[in-house]
Each structure stands twice: as C-alpha cells, then as structure tokens.
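Under this note's numbering, the very last position in the sequence shown is 88; numbers go up by exactly one each time.
If you're looking for bench data, these hints aren't it; they were derived computationally from the structure. Every value quoted in this text rests on a predicted model; they were computed, and no experiment measured them. Among the hints, erroneous ones may be present.
[Unchecked claim] Pairs of lysine to aspartate or glutamate, EDC-like flavour, derived with a Cα cap of 16 Å:
#	residue 1	residue 2
1	Lys25	Glu62
2	Lys2	Glu68
3	Lys42	Glu19
4	Lys38	Glu19
5	Lys2	Glu17
6	Lys42	Glu77
7	Lys25	Glu47
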Amino acid sequence: MKYFEISSPYYALIKAETEDRAIAKYVELVADDDGELKDEIKEVSREHAMNIFSNAKSEDGEAVSTFETIETFNSPEDIVLAVTSELL
1 MKYFEISSPY YALIKAETED RAIAKYVELV ADDDGELKDE IKEVSREHAM NIFSNAKSED
61 GEAVSTFETI ETFNSPEDIV LAVTSELL
C-alpha cells in the first residue's frame, strides 16, 4: 500500500494501491476533482501516514482505540484515513 495526502480543496490522507485509486477514493468520499487533484496529491511515507492517522479523531470527535487504529491502518482496502475537520 501507498499513502497519499491531498491538501486542496480539502485535506485528506488516503491509503491506496495507486495514485489514481487514491484520487478516485477522494472523489468518492471527500470532494469533486476540480481538475487540479493530480497537482495536489503527494505520496507520503508509511511512518508519516501512521503519525497523522494515529492522532486523528473519529467523526464524533472521540479518540480511536489503538487496536482500531492499527487494524484500520493495516487493512488491505483503499481507505480515507483522515480528513479535515471542516467536513465532519
């Protein structure tokens, strides 16, 4: 798996097999592609992604358990790991 950050129009951290799949997941769950997502997306390290994800809160603002954090982070599916709080 690879890890990607998109900063605009809304921040998201996404785990996906490819950049194209990360963009598709972003468009599906976060925001439409205004034609600039290819310029906004960047691959980040697994360590960076885990640091961001482990400090993220659930949709209701609660801390996520260590077990759930590790289970979700290591799951094999493409997933949005974190989004800006503006969208919650």
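Task: Hints that the structure is at odds with (numbers, increasing) - done: Failing hints, ascending: 1, 2, 6 and 7.
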